[in-house]
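Position chains B, C and D against the provided structure of chain A, taking the given hints into account.
There are 4 protein chains.
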Amino acid sequence: MGKNFLDKIQKIKRGPAIMQEKDIGVILTNTSINKDSIVLDSGTGSGKLSAYLSQFVKKVYSYEKIKEFYEIAKDNFNFLKIKNIELKNKDISEGINEKNLDLITLDLLEPEKILIHAKEALKEGGYLVSYLPNMTQVIEFIKNIPKEFIVEKILENIERSWIVKDKIAKPEHTGLLHTGFLVILKKK
Amino acid sequence: MGKNFLDKIQKIKRGPAIMQEKDIGVILTNTSINKDSIVLDSGTGSGKLSAYLSQFVKKVYSYEKIKEFYEIAKDNFNFLKIKNIELKNKDISEGINEKNLDLITLDLLEPEKILIHAKEALKEGGYLVSYLPNMTQVIEFIKNIPKEFIVEKILENIERSWIVKDKIAKPEHTGLLHTGFLVILKKK
Amino acid sequence: MGKNFLDKIQKIKRGPAIMQEKDIGVILTNTSINKDSIVLDSGTGSGKLSAYLSQFVKKVYSYEKIKEFYEIAKDNFNFLKIKNIELKNKDISEGINEKNLDLITLDLLEPEKILIHAKEALKEGGYLVSYLPNMTQVIEFIKNIPKEFIVEKILENIERSWIVKDKIAKPEHTGLLHTGFLVILKKK
Amino acid sequence: MGKNFLDKIQKIKRGPAIMQEKDIGVILTNTSINKDSIVLDSGTGSGKLSAYLSQFVKKVYSYEKIKEFYEIAKDNFNFLKIKNIELKNKDISEGINEKNLDLITLDLLEPEKILIHAKEALKEGGYLVSYLPNMTQVIEFIKNIPKEFIVEKILENIERSWIVKDKIAKPEHTGLLHTGFLVILKKK
Chain A
1 MGKNFLDKIQ
11 KIKRGPAIMQ
21 EKDIGVILTN
31 TSINKDSIVL
41 DSGTGSGKLS
51 AYLSQFVKKV
61 YSYEKIKEFY
71 EIAKDNFNFL
81 KIKNIELKNK
91 DISEGINEKN
101 LDLITLDLLE
111 PEKILIHAKE
121 ALKEGGYLVS
131 YLPNMTQVIE
141 FIKNIPKEFI
151 VEKILENIER
161 SWIVKDKIAK
171 PEHTGLLHTG
181 FLVILKKK
Chain B
1 MGKNFLDKIQ
11 KIKRGPAIMQ
21 EKDIGVILTN
31 TSINKDSIVL
41 DSGTGSGKLS
51 AYLSQFVKKV
61 YSYEKIKEFY
71 EIAKDNFNFL
81 KIKNIELKNK
91 DISEGINEKN
101 LDLITLDLLE
111 PEKILIHAKE
121 ALKEGGYLVS
131 YLPNMTQVIE
141 FIKNIPKEFI
151 VEKILENIER
161 SWIVKDKIAK
171 PEHTGLLHTG
181 FLVILKKK
Chain C
1 MGKNFLDKIQ
11 KIKRGPAIMQ
21 EKDIGVILTN
31 TSINKDSIVL
41 DSGTGSGKLS
51 AYLSQFVKKV
61 YSYEKIKEFY
71 EIAKDNFNFL
81 KIKNIELKNK
91 DISEGINEKN
101 LDLITLDLLE
111 PEKILIHAKE
121 ALKEGGYLVS
131 YLPNMTQVIE
141 FIKNIPKEFI
151 VEKILENIER
161 SWIVKDKIAK
171 PEHTGLLHTG
181 FLVILKKK
Chain D
1 MGKNFLDKIQ
11 KIKRGPAIMQ
21 EKDIGVILTN
31 TSINKDSIVL
41 DSGTGSGKLS
51 AYLSQFVKKV
61 YSYEKIKEFY
71 EIAKDNFNFL
81 KIKNIELKNK
91 DISEGINEKN
101 LDLITLDLLE
111 PEKILIHAKE
121 ALKEGGYLVS
131 YLPNMTQVIE
141 FIKNIPKEFI
151 VEKILENIER
161 SWIVKDKIAK
171 PEHTGLLHTG
181 FLVILKKK
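Chains as they are written, first to last, in this note's numbering: chain A, 1 to 188; chain B, 1 to 188; chain C, 1 to 188; chain D, 1 to 188.
Derived from the structure by calculation, the hints contain no laboratory data. Do not take every clue at face value.
To be verified - Taking beta-carbon pairs under 8 angstroms as the criterion, some of the chain C residues facing chain B (in silico):
# : residue
1 : ILE116
2 : MET135
3 : ILE158
4 : ARG160
5 : LYS165
6 : THR174
7 : GLY175
8 : LEU176
9 : HIS178
Yeah, the Cβ is synthetic: ideal placement off N, Cα and C, and Gly gets one too.
Excised from the complex, chain A in its bound form (with noise of 0.2 angstroms):
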């Protein structure tokens, strides 16, 4: 497993816009999780989050509510060999399964329907993260904020890739200027 999990995972199937190594790296990084956690990834799209999230914790429940993405999902699972993740054709905002979760992601829209499940389904200290492309999303998301829960950090990131050969040192020109926001709560 993972052996050429980059080389792969470059080559699954797409369907919705899919998260950024940049932006995966920020969940990764900021949300206390390890070899041992248990989370849950919505909406899965092609996988690629919950793919990445599968190769550095213990188990991911991935839900995906539209059929066809959820079949992109499972066919690029399967090719990236993955053993560690449950995914099921189900719409979170109707209930989540699990209990105590180490983290929470939802690329999804209006996550704040989604809260009253997830802070029943977190464990105390638990994180979610809310990847959001408009500001206007985060400001509505932060609005309905529960009590149970911390604005831990609003995060967005810029990459740049830069070309050093010869007596070339610079940035690429063109690239991606924004992505997303991320939004990570903790439980109280």
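Structure of chains B, C and D alone, referenced to chain A:
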């Protein structure tokens, strides 16, 4: 282990400049490592990168040549109750004892001098990441890369923390505009 | 005039937060102004933006409602030996006396309340730039733009200062990550 | 003049890479120039920087050694109805005819070779700005600065354009991550 890792890591003793979460995230997501990986980190400094790596991989070897920093790192790993780091008060430029490593991370001057040892210590397809504050160092490093390695990426990250509260929604006015460049190599 | 403008502008008295060169540059290059232009700046604050505009256009009207800042700006314009700014201790929300303006710049709260006056004071094809620290303010401003205006651009700039000397070539580690958003409108 | 400068400048013929508004703004606000200034721009390229400078200063001399670009620039200045640019099909490395200049801007290879001429052509306290895409070029340039000049600033700018409309408030996802570094010198 790790239950309050973030809370505790913020309280570790500090020696030299300490690596940021954003840069550690880039390392985790661009080097194909996972829970089964064996990695080597040098120079350890206060131990923050080694400590983070220890959360996500099987075993971390950590070399620090300066006795003072070695003692700080040892105290920090004890404080963090980390069991899977083998810390050595050792100068990596004199050689690497381990073989078949999945990843080597270098936060030290003249990393090009370590490549002769790194190519022996890394497994085929293994990664090496050099963290360098100066572009002059990146240029010098790139000039000296042996044929056994491929330059995968040269990355830098600007992270902004936003304040969203009541009528406020803006990035913090001051902060880090630069930490270091991350040069990611892969052994053929 | 202007011989040592940069040297002197760095020594002016400061009242409220002062606009940065990078943001003034965005205003100059995105509003079609030139040596023949007549512009209005409000609120003046310590007068830095008005002073810069005065170097490049024919005439600057500058409205500052707070007596204390008005006095600071007056002293600063005298110190800078600027003759083509007409400074008024006046609240722009009560109306604009001038007509046929080429540009109006607003560095004040609730700029949407000024648009009713601005549309009368600007010439056809004239520009209005609102400088706003918060994205919430940008959202509110955009909601209230009358049909006489087109939103041309909403810009923000991150500037990095590099240190290049001997073996060093790196951006300064700390600095400004955010100043404000610049909303550029054009009158139809 | 300049009534529709922005509309027109977007339609000029393009030869080589064209300078961005953000970078032109940095030049205008960091070199103490004003309506009375006499400046020299080389290489002209398609003439965008010269055209912008002509809006704000008294007189622009513009040197372009490549006949093809010289012709493009000539057409563009005619199209823009600019009268205060004196365009020459001339190689600046062979010398500068003008004296007592307030500013020299260089968008060309090996700008260090021009400094010997620039120090004669600039007035005391005058500025020189070199626009360089590569950090290697900046390093080489800085190494060769004669004692008659002070390095004032080395700047780069990342600009983001935001989309704010209805429920959307986010930066455009893709765009320019890098254009060039601006090295600003002042003659003692």
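Consistency of the hints with the structure:
A distance limit of 8 angstroms between C-beta atoms decides the matter here; for ILE116(C) the minimum to chain B is near 22 angstroms, and the interface restraint is violated. Proximity of MET135(C) to chain B holds as hinted, the smallest CB-CB distance being about 4 angstroms (cut-off 8 angstroms). The criterion of a C-beta within 8 angstroms of any C-beta in chain B is met by ILE158(C), whose closest approach is roughly 7 angstroms, and the hint holds. With 8 angstroms as the threshold, the beta carbon of ARG160(C) comes within range of chain B, its nearest partner Cβ sitting at about 5 angstroms, so the hint holds.
Here the hint on LYS165(C) is broken, as its CB sits about 10 angstroms from the closest CB of chain B, past 8 angstroms. Because the closest C-beta pair between THR174(C) and chain B is about 6 angstroms apart, less than 8 angstroms, the hint holds. Given hint, GLY175(C) at the interface with chain B, holds; its Cβ is 5 angstroms from that chain's nearest Cβ, closer than 8 angstroms. Residue-level restraint check for LEU176(C) holds (minimum Cβ-Cβ distance to chain B is 6 angstroms; threshold 8 angstroms).
The closest approach between the C-beta of HIS178(C) and any C-beta of chain B is roughly 4 angstroms, which is under the 8 angstroms cut-off, so the hint is satisfied.
When held up to the earlier numbered hints, the structure conflicts with 1 and 5 and fits the remainder.
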